[in-house]
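Engineer: Given next are the chains, with one letter for each unit.
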Amino acid sequence: MKIYTKIKLQCSFLMLMFFLASSNLHAQSDPSGTKRVTGNYAIQNATITTSPGKIIKGATIILKDGLISAVGTNVAIPAGTDIINGDSLFIYPGFIDGGSSAGITKPEEPARPSNFDSSNPSDEIAGITPWRNVLDQLDMTSNALSDWRKAGFTVAQMIPDGGMISGKSAIVVFGSPNSTNVLLQNTAVSARFRGSRGMYPGTPLGVMAKFRDVYKNAELSSKHMNLFTSNSGLNRPEINKTLEAMYPVLNKNIPVIFEVSNDLEIRRALRLQKELGFKLVLSGVTEAEKVIQEIKAANATVLLALTLPEDKAKKTSGDLNEEAQGRTNRVKEAYETALKQAGILEKEGIKFSFTTNGSKSGDLMKNIKIMIENGLSEDAALAALTINSAENLGIQKFAGTLEKGKLANLVITTAPLFSEDAQIKHVIADGYVFDYETKAKKTSGGDKNGKTSDGVAGTWEYISDTPAGSSGGTMTIEGSGDSYEGTITYDDPSGNGKAEAPMKNISTKENSMSFTFDVSAGGMEIKVSVSGDISDDKFIGKMSLAEFGSFPLTATKKPNQSNL
Amino acid sequence: MKKLNYIIAAFLVMVWMPSKGQTQKGSVLIKNATVITITQGDLEDTDVLVENGIIKKIGKGLTANNVATIDAKGKYVMPGIIDAHSHVALDAVNEATAPITSEVQMADVVDPYDIGIYRALAGGVTISHAMHGSANAIGGQNITLKHRYGTFNPEDLYMKEAPRTIKFALGENPTRVHGRGKNIQPRTRMGVEAIIRNGFNEALQYKKGWENYQNESKQKGATPIPPKYDGRLQTLVDILDGKVIIHCHSYRADEIYALINTCRDFGITNIVFSHVNEGFKVAPELAEYTMGASVFADWWAYKFEVYYSTAYNAAILTQNGVITSINSDSGELIRHLYHEAAKTQRYGQLSDQQALELITINPAKQLGIADKVGSIEEGKQGDLVIFNDHPLSVYAIPQMTFVDGVKYFDIEEDQNDMRISVSAMETVEPIFLKEHDHSCMHGVDFFFTNFGRNLFEHSH
Numbered sequence: 001m002k003i004y005t006k007i008k009l010q011c012s013f014l015m016l017m018f019f020l021a022s023s024n025l026h027a028q029s030d031p032s033g034t035k036r037v038t039g040n041y042a043i044q045n046a047t048i049t050t051s052p053g054k055i056i057k058g059a060t061i062i063l064k065d066g067l068i069s070a071v072g073t074n075v076a077i078p079a080g081t082d083i084i085n086g087d088s089l090f091i092y093p094g095f096i097d098g099g100s101s102a103g104i105t106k107p108e109e110p111a112r113p114s115n116f117d118s119s120n121p122s123d124e125i126a127g128i129t130p131w132r133n134v135l136d137q138l139d140m141t142s143n144a145l146s147d148w149r150k151a152g153f154t155v156a157q158m159i160p161d162g163g164m165i166s167g168k169s170a171i172v173v174f175g176s177p178n179s180t181n182v183l184l185q186n187t188a189v190s191a192r193f194r195g196s197r198g199m200y201p202g203t204p205l206g207v208m209a210k211f212r213d214v215y216k217n218a219e220l221s222s223k224h225m226n227l228f229t230s231n232s233g234l235n236r237p238e239i240n241k242t243l244e245a246m247y248p249v250l251n252k253n254i255p256v257i258f259e260v261s262n263d264l265e266i267r268r269a270l271r272l273q274k275e276l277g278f279k280l281v282l283s284g285v286t287e288a289e290k291v292i293q294e295i296k297a298a299n300a301t302v303l304l305a306l307t308l309p310e311d312k313a314k315k316t317s318g319d320l321n322e323e324a325q326g327r328t329n330r331v332k333e334a335y336e337t338a339l340k341q342a343g344i345l346e347k348e349g350i351k352f353s354f355t356t357n358g359s360k361s362g363d364l365m366k367n368i369k370i371m372i373e374n375g376l377s378e379d380a381a382l383a384a385l386t387i388n389s390a391e392n393l394g395i396q397k398f399a400g401t402l403e404k405g406k407l408a409n410l411v412i413t414t415a416p417l418f419s420e421d422a423q424i425k426h427v428i429a430d431g432y433v434f435d436y437e438t439k440a441k442k443t444s445g446g447d448k449n450g451k452t453s454d455g456v457a458g459t460w461e462y463i464s465d466t467p468a469g470s471s472g473g474t475m476t477i478e479g480s481g482d483s484y485e486g487t488i489t490y491d492d493p494s495g496n497g498k499a500e501a502p503m504k505n506i507s508t509k510e511n512s513m514s515f516t517f518d519v520s521a522g523g524m525e526i527k528v529s530v531s532g533d534i535s536d537d538k539f540i541g542k543m544s545l546a547e548f549g550s551f552p553l554t555a556t557k558k559p560n561q562s563n564l
Numbered sequence: 001m002k003k004l005n006y007i008i009a010a011f012l013v014m015v016w017m018p019s020k021g022q023t024q025k026g027s028v029l030i031k032n033a034t035v036i037t038i039t040q041g042d043l044e045d046t047d048v049l050v051e052n053g054i055i056k057k058i059g060k061g062l063t064a065n066n067v068a069t070i071d072a073k074g075k076y077v078m079p080g081i082i083d084a085h086s087h088v089a090l091d092a093v094n095e096a097t098a099p100i101t102s103e104v105q106m107a108d109v110v111d112p113y114d115i116g117i118y119r120a121l122a123g124g125v126t127i128s129h130a131m132h133g134s135a136n137a138i139g140g141q142n143i144t145l146k147h148r149y150g151t152f153n154p155e156d157l158y159m160k161e162a163p164r165t166i167k168f169a170l171g172e173n174p175t176r177v178h179g180r181g182k183n184i185q186p187r188t189r190m191g192v193e194a195i196i197r198n199g200f201n202e203a204l205q206y207k208k209g210w211e212n213y214q215n216e217s218k219q220k221g222a223t224p225i226p227p228k229y230d231g232r233l234q235t236l237v238d239i240l241d242g243k244v245i246i247h248c249h250s251y252r253a254d255e256i257y258a259l260i261n262t263c264r265d266f267g268i269t270n271i272v273f274s275h276v277n278e279g280f281k282v283a284p285e286l287a288e289y290t291m292g293a294s295v296f297a298d299w300w301a302y303k304f305e306v307y308y309s310t311a312y313n314a315a316i317l318t319q320n321g322v323i324t325s326i327n328s329d330s331g332e333l334i335r336h337l338y339h340e341a342a343k344t345q346r347y348g349q350l351s352d353q354q355a356l357e358l359i360t361i362n363p364a365k366q367l368g369i370a371d372k373v374g375s376i377e378e379g380k381q382g383d384l385v386i387f388n389d390h391p392l393s394v395y396a397i398p399q400m401t402f403v404d405g406v407k408y409f410d411i412e413e414d415q416n417d418m419r420i421s422v423s424a425m426e427t428v429e430p431i432f433l434k435e436h437d438h439s440c441m442h443g444v445d446f447f448f449t450n451f452g453r454n455l456f457e458h459s460h
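Chains C and F are the protein sequences, given in the same order.
The opening position of the first sequence corresponds to residue 1 in UniProt numbering, with each subsequent residue numbered one higher.
The opening position of the second sequence corresponds to residue 1 in UniProt numbering, with each subsequent residue numbered one higher.
The hints are simulated quantities; they were obtained by calculation from the structure and are not laboratory data.
Note that the structure is a prediction, hence the values are computed from the model and not measured.
Check each hint, because a few of them may be wrong.
The calculated lysine to aspartate or glutamate pairs, modelled on EDC-like cross-linking and capped at a C-alpha distance of 16 Å, are [as the list claims (entries may be wrong)]:
1. F:228 to C:336
2. C:274 to F:155
3. C:498 to C:147
4. C:150 to C:403
5. C:340 to C:319
6. C:332 to C:311
7. F:228 to C:238
8. F:75 to F:111
9. C:312 to F:426
10. C:558 to C:492
11. C:312 to C:294
12. C:557 to C:536
13. F:207 to F:230
14. C:241 to C:275
15. F:75 to F:51
16. C:360 to C:147
17. C:369 to C:379
18. F:208 to F:241
19. F:228 to C:311
20. C:332 to F:426
21. C:216 to F:230
22. F:228 to C:378
23. C:279 to C:219
24. C:332 to F:155
25. C:360 to C:533
26. C:54 to C:378
27. C:314 to C:294
28. C:542 to F:426
29. C:279 to C:348
30. C:274 to C:294
31. C:314 to F:426
32. C:241 to C:336
33. F:56 to F:378
34. C:315 to F:426
Produce the complete structure using the sequences and hints provided.
Structural biologist: Right under this line is the structure:
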């Protein structure tokens with residue numbers, strides 16, 4: 001009996017603990033911002049940078065229902081305002097991303113018709129889809145997006161994924177998950193020099209020609225439409241949604257945002273711009289020093305890549321002969337020039353902003369500090385993240401600085417933004433407060449969420465760019481530690497569809513992975529070897545085909561299904 | 001101090017960007033050389049003066065103020081070598097996705113950083129014809145490049161005064177890529193001809209549509225509807241109008257003759273045949289109806305249609321009055337086209353003059369630039385090579401190469417690393433062994449598929 005009571009008691013105690021624990025959860029502040037007591041906040045006695053170079057110490061900022069209602073040292077706090085103590089905190093305008101792919105899912109490729117003609121595919125199959133709206137591809141609740149918010153971003157222009165003309169972008173705010181968060185739609189047409197797999201246009205050659213074709217026919221179609229609506233006795237124009245979707249570009253109401261990967265691609269975009277006359281945004285700019293005068297002459301908007309190369313020369317070890325040493329020095333020079341990009345653009349008076357596309361949120365401050373060490377001023381760095389980005393997007397009326405009447409988008413740090421000790425404590429986006437844990441001491445590892453525990457295992461989607469176009473498939477890897485097994489799919493050499501082969505000799509070392517697989521074609525076995533570097537869920541490497549050469553291959557790990 | 005830094009920086013920028021704005025033109029006086037003019041015989045102990053990129057004077061005892069002077073005593077000066085069929089300095093070669101891709105332009109994908117340009121300069125080559133590949137019956141528009149190595153800007157390499165040219169291809173490549181690879185036309189040589197004829201006929205209709213539109217537009221109060229734009233057909237119209245020179249990849253005599261007939265039917269005279277391994281069988285026809293043949297010296301048997309070949313091809317064509325050139329189609333052969341030309345003396349006993357014409361004035365004629373380059377004449381562009389020995393000697397080594405009077409290669413100043421642009425990401429650059437492709441071509445379907453097509457890009 002006694003024993004029974006004791007057990008009962010213990011059970012009750014456990015139950016109590018359980019309830020305590022769970023109610024405790026509910027009582028915590030709501031970091032996702034799904035519900036809140038008030039939309040009015042005041043942050044007191046902080047150091048506020050209202051725009052680059054303009055700093056007010058001991059200032060108060062008042063936010064009311066998503067807007068900044070006052071900022072300054074002599075500000076009365078209205079009743080019903082949630083007061084955040086800003087002592088020793090630093091407040092900056094929320095960062096604005098000129099081109100983001102966070103939370104974007106690539107639309108599924110449409111099925112090919114049975115009489116598919118690869119020399120003349122439909123626009124949609126060929127990746128020419130300017131009518132697509134990025135909002136149809138965007139998941140505002142994705143982890144990728146909240147990671148960027150945690151890094152300080154409050155507004156981003158979302159770029160649709162897809163083929164050479166993928167669709168229309170939109171500008172969103174990283175606010176409440178219960179809102180659509182859309183600030184502006186159809187802000188730009190997104191384009192890139194990537195050809196379609198196994199069909200026209202397959203290479204940059206075809207992409208350039210096809211772009212001209214689409215643009216010129218959009219002009220003619222628009223002309224036809226105008227004639228038809230203002231005259232009688234004319235045949236009606238055949239409505240074509242590709243061409244119609246290009247009209248705002250012809251009117252220069254919206255720009256074409258071209259993704260570029262090097263200076264030669266910058267030149268290709270400029271070449272098209274010069275011939276056709278559209279407004280141009282260059283996204284992912286690198287190696288700008290080689291083409292700076294031309295960028296200026298074209299008055300193109302520059303979105304600098306936030307990614308920086310690794311210092312490969314540093315890794316080169318051992319005794320090098322004179323020739324190898326010379327080569328290593330040149331790689332080092334190229335590396336140093338890459339770090340100087342932002343500084344060069346500032347000196348040239350180009351009001352650039354950033355694209356986060358292809359970079360990691362955890363690297364943001366690290367990379368910007370490297371850019372600052374290499375010639376970028378702190379004011380210009382902040383401007384690139386805030387006001388310049390707002391101006392480049394045409395949203396400076398309501399975003400980019402901390403002024404009365406602008407959107408309540410703020411980044412609040414524990415120390416001056418670009419200092420060693422700075423940590424982000426709060427991000428306020430669209431008036432919603434997001435709190436982040438800060439640590440007393442800076443830890444070296446940052447806050448990685450243990451993604452590497454299962455190593456390279458998982459499903460990867462890869463693309464290999466060859467001079468004849470891109471091809472791709474999936475790599476499915478199982479196992480852990482030293483023993484991995486996997487299969488890879490690839491475009492079947494004997495016709496349409498995919499073939500599959502086992503991945504052999506999978507080896508991983510620190511941040512790199514290599515493996516081989518065999519392709520049989522026409523009675524001949526061809527050994528393909530792949531090697532490259534892994535960072536988080538990206539693999540960047542090369543695919544070598546026996547003695548025929550090697551081609552860049554990039555892969556992205558799909559999130560584990562269990563996490564969804 | 002700050003000002004001084006600024007001046008130094010400005011100077012560095014000037015040094016590193018020699019060709020900002022207009023392409024660079026140079027002046028040079030080469031003295032006491034044996035000048036192989038090509039068009040006006042060989043001149044002993046002669047001077048050549050280039051001013052602002054143009055050959056100003058050829059003669060003895062020339063002087064010039066403030067012009068770099070080179071004593072070339074005992075050396076040979078010849079016009080810059082011209083390669084009428086090359087794929088050097090291109091980022092992409094084949095848009096192998098449709099049987100006709102006349103809308104694509106090689107000018108869009110010129111890579112000024114390709115070290116192949118410098119290697120070509122080291123072989124005395126000053127102009128190359130950067131061509132589309134041979135996957136399609138009608139390929140892309142080519143670009144004639146002057147090897148002004150050292151610029152970041154691809155447009156600095158364009159020879160802007162050269163006429164437009166386009167790549168055509170007959171035989172196994174287009175039939176395999178499209179017929180066998182994708183089960184569309186052309187699957188046979190007949191299909192290739194049909195594709196070309198249909199293309200021209202469509203182009204005529206396209207031209208008519210636009211002419212009607214333009215005529216109607218001129219009438220008062222008319223509101224004609226504009227036709228669709230088609231860059232593909234517009235280029236074919238330009239061919240029919242004589243504005244574009246066809247350079248056609250071809251091997252077999254029957255289909256060479258068939259395309260000559262097609263061209264005659266459509267009134268096209270601007271056509272050069274490339275490779276033309278069986279050209280010796282139709283030499284009189286080539287002489288009468290075409291702008292000539294651009295051949296290999298002795299390269300064949302890399303696929304079935306290229307077995308019936310002879311090293312006497314260039315000599316037979318030359319003796320039959322065909323404008324003949326020898327091309328490289330390769331980043332390796334381009335480095336010693338003077339050796340390739342010399343082979344015609346072993347196989348066909350061509351004279352020095354005839355042999356050197358194969359790599360100078362003749363390819364210039366085929367590219368439509370013979371009034372500007374291809375020989376050493378007053379008024380022509382200052383593209384020159386200085387050899388240590390007679391260029392047809394096995395001991396010949398180019399010493400200096402000039403384009404527009406600017407020295408781009410000097411064997412004495414040849415550094416270990418002549419790359420213009422270096423990737424920060426790669427300590428060792430990947431090596432592309434494109435020269436292997438021809439031997440890997442025959443009978444391997446893999447190379448004609450989506451996955452393996454990249455390997456195909458450089459097939460002959």
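Engineer: Decide, hint by hint, whether the structure agrees.
Structural biologist: Structure-based check of each hint:
The hinted pair formed by residue 228 of chain F and residue 336 of chain C fails the criterion: a straight-line CA distance of about 49 Å is larger than 16 Å. Among the hinted pairs, residue 274 of chain C with residue 155 of chain F is consistent with the structure: their alpha-carbon atoms are about 13 Å apart, no more than 16 Å. A C-alpha spacing of about 35 Å is found between residue 498 of chain C and residue 147 of chain C, which places the hinted pair above 16 Å, so the restraint is violated. Restraint check for residue 150 of chain C and residue 403 of chain C: the C-alpha separation of about 22 Å exceeds 16 Å, so the hint is violated.
Between the alpha carbons of residue 340 of chain C and residue 319 of chain C the distance comes to roughly 29 Å, so the proposed pair goes past 16 Å and is violated. The suggested pairing of residue 332 of chain C with residue 311 of chain C holds, with an alpha-carbon distance near 7 Å, which does not exceed 16 Å. Distance restraint check for residue 228 of chain F and residue 238 of chain C: the Cα-Cα separation of roughly 11 Å lies within the 16 Å cut-off, and the hinted pair is therefore satisfied. The straight-line distance between the Cα atoms of residue 75 of chain F and residue 111 of chain F is roughly 33 Å, outside the 16 Å bound, and the hint therefore fails.
Proximity of residue 312 of chain C to residue 426 of chain F is assessed by CA-CA distance (about 7 Å); at most 16 Å being required, the pair is judged to hold. For the proposed pair residue 558 of chain C and residue 492 of chain C, the alpha carbon gap of about 23 Å is over 16 Å, so the pair is violated. Between residue 312 of chain C and residue 294 of chain C, the direct Cα distance comes to roughly 30 Å. Violation of the 16 Å bound is thereby established for this hinted pair. Distance hint between residue 557 of chain C and residue 536 of chain C is fulfilled; the C-alpha atoms sit about 9 Å from each other, no more than 16 Å.
This hinted pair checks out: residue 207 of chain F and residue 230 of chain F have alpha carbons roughly 10 Å apart, not beyond 16 Å. Distance check on the hinted pair: residue 241 of chain C and residue 275 of chain C sit about 23 Å apart at the alpha-carbon level, beyond 16 Å; violated. Proposed proximity of residue 75 of chain F and residue 51 of chain F is contradicted: the alpha carbons are some 21 Å apart, above 16 Å. The hinted pair formed by residue 360 of chain C and residue 147 of chain C meets the criterion: a straight-line CA distance of about 9 Å does not exceed 16 Å.
The suggested pairing of residue 369 of chain C with residue 379 of chain C holds, with an alpha-carbon distance near 12 Å, which does not exceed 16 Å. The suggested pairing of residue 208 of chain F with residue 241 of chain F holds, with an alpha-carbon distance near 13 Å, which does not exceed 16 Å. Straight-line distance between C-alpha atoms of residue 228 of chain F and residue 311 of chain C comes to about 51 Å, which puts the hinted pair past the 16 Å bound. Restraint check for residue 332 of chain C and residue 426 of chain F: satisfied, since their Cα atoms lie roughly 10 Å apart, inside the 16 Å limit.
Under the criterion of a C-alpha separation no larger than 16 Å, the hint pairing residue 216 of chain C with residue 230 of chain F is consistent with the structure, at around 9 Å. Proposed proximity of residue 228 of chain F and residue 378 of chain C is contradicted: the alpha carbons are some 52 Å apart, above 16 Å. This hinted pair checks out: residue 279 of chain C and residue 219 of chain C have alpha carbons roughly 15 Å apart, not beyond 16 Å. Among the hinted pairs, residue 332 of chain C with residue 155 of chain F is inconsistent with the structure: their alpha-carbon atoms are about 28 Å apart, more than 16 Å.
The suggested pairing of residue 360 of chain C with residue 533 of chain C holds, with an alpha-carbon distance near 15 Å, which does not exceed 16 Å. Of the pairs offered as hints, the one joining residue 54 of chain C and residue 378 of chain C holds, with about 12 Å between alpha carbons and a cut-off of 16 Å not exceeded. For the hint linking residue 314 of chain C to residue 294 of chain C, the alpha-carbon distance of about 33 Å lies beyond 16 Å, and the restraint is violated. A hinted pair counts as satisfied when its Cα atoms are at most 16 Å apart, and residue 542 of chain C with residue 426 of chain F qualifies at roughly 11 Å.
About 20 Å separates the Cα atoms of residue 279 of chain C and residue 348 of chain C, which puts this hinted pair outside 16 Å; it is violated. As the CA atoms of residue 274 of chain C and residue 294 of chain C are separated by approximately 10 Å, the hinted pair is consistent with the 16 Å bound. Distance check on the hinted pair: residue 314 of chain C and residue 426 of chain F sit about 12 Å apart at the alpha-carbon level, within 16 Å; holds. A threshold of 16 Å between alpha carbons decides the hint, and for residue 241 of chain C with residue 336 of chain C the separation of about 46 Å lies outside it, so the pair is violated.
At roughly 5 Å between alpha-carbon atoms, residue 56 of chain F and residue 378 of chain F fall within 16 Å of each other, so this suggested pair holds. Taking the CA atoms of residue 315 of chain C and residue 426 of chain F, the gap is near 11 Å; set against the 16 Å cutoff, the hint holds.
Of the numbered hints stated above, those contradicted by the structure are hints 1, 3, 4, 5, 8, 10, 11, 14, 15, 19, 22, 24, 27, 29 and 32, listed in ascending order.
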